[in-house]
Amino acid sequence: ETGVTQSPTHLIKTRGQQVTLRCSSQSGHNTVSWYQQALGQGPQFIFQYYREEENGRGNFPPRFSGLQFPNYSSELNVNALELDDSALYLCASSLGPGQIRDEQFFGPGTRLTVL
Amino acid sequence: QKEVEQNSGPLSVPEGAIASLNCTYSDRGSQSFFWYRQYSGKSPELIMSIYSNGDKEDGRFTAQLNKASQYVSLLIRDSQPSDSATYLCAAPLNTGNQFYFGTGTSLTVIP
Chain A
1 ETGVTQSPTH LIKTRGQQVT LRCSSQSGHN TVSWYQQALG QGPQFIFQYY REEENGRGNF
61 PPRFSGLQFP NYSSELNVNA LELDDSALYL CASSLGPGQI RDEQFFGPGT RLTVL
Chain B
1001 QKEVEQNSGP LSVPEGAIAS LNCTYSDRGS QSFFWYRQYS GKSPELIMSI YSNGDKEDGR
1061 FTAQLNKASQ YVSLLIRDSQ PSDSATYLCA APLNTGNQFY FGTGTSLTVI P
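Protein chains in written order, with the working numbering: chain A, 1 to 115; chain B, 1001 to 1111.
So here's chain A without its partners, still in its complex pose:
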């Protein structure tokens, strides 16, 4: 167990809808990263939040947005869902950029299906 939790476990939405996924990081970890993992692929970096500010973004459109809160929780919001957004969404918590040990620990993931 990594101490990182995510909700919900599974979610089914239709194209064009909006979705919010939630993550609770390990205590003491002030950095959260979100990833999208399509079937048969490695996780793709969406963005990272450090101390409630966005600290890097991958090649994802602006309809993917996030928030981080002071209580180690965070959200990933996706607007105008597309069929290709169907994937496993993972959050990972870590101590933060610049740390000597920058391991990231993953939550169990949210499986999103867009119909």
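Hints listed in this document are in silico derivations from the structure and should not be mistaken for laboratory results. All figures in this text were calculated on a predicted structure; none of them were measured in a lab. Glycine included, C-beta positions come from ideal geometry on N, C-alpha and C. Among the hints, erroneous ones may be present.
Per the computed footprint, the stretches of chain B lying under chain A, defined by three or more beta-carbons under 8 Å from a beta-carbon of chain A, are [stated by the list, open to error]:
no., region
1, 1014 to 1025
2, 1062 to 1074
Derived, one-sided and incomplete: chain B residues facing chain A with beta-carbon distance under 10 Å [said to hold, decoys possible]:
no., residue
3, Asn1007
4, Leu1011
5, Phe1034
6, Tyr1051
7, Asn1053
8, Leu1088
9, Cys1089
10, Leu1093
11, Gln1098
Using the hints, position chain B against chain A.
For chain B alone, coordinates are given in the frame of chain A:
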């Protein structure tokens, strides 16, 4: 060239054998490297991290890093059927805020 590349496999080894998984990376500034294990339908689990050239051993797992060749590997000794999973190699950019993952190598250990 992708930032992190792995042989996608699949790789099959008999129980008790050594499984060897390989990974190359493109960013010479990367300072840390990670191996994750992912069972089907589950999230990645960190099994090894390595920061310095050479070998790092943890139980049946040995990670090897060669920064000059931009190469990192994972050896699993005395492979067990429970080791059957997809193994992901990951490395952050030298800015530290974006992890790149390979596509993973699927390992099957045959009893």
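Now the hints, each set against the structure:
no.: 1; hint: 1014 to 1025; in the structure: violated (count 0)
no.: 2; hint: 1062 to 1074; in the structure: violated (count 0)
no.: 3; hint: Asn1007; in the structure: violated, 13 Å
no.: 4; hint: Leu1011; in the structure: violated, 15 Å
no.: 5; hint: Phe1034; in the structure: holds, 7 Å
no.: 6; hint: Tyr1051; in the structure: holds, 8 Å
no.: 7; hint: Asn1053; in the structure: violated, 16 Å
no.: 8; hint: Leu1088; in the structure: holds, 5 Å
no.: 9; hint: Cys1089; in the structure: holds, 8 Å
no.: 10; hint: Leu1093; in the structure: holds, 8 Å
no.: 11; hint: Gln1098; in the structure: holds, 5 Å
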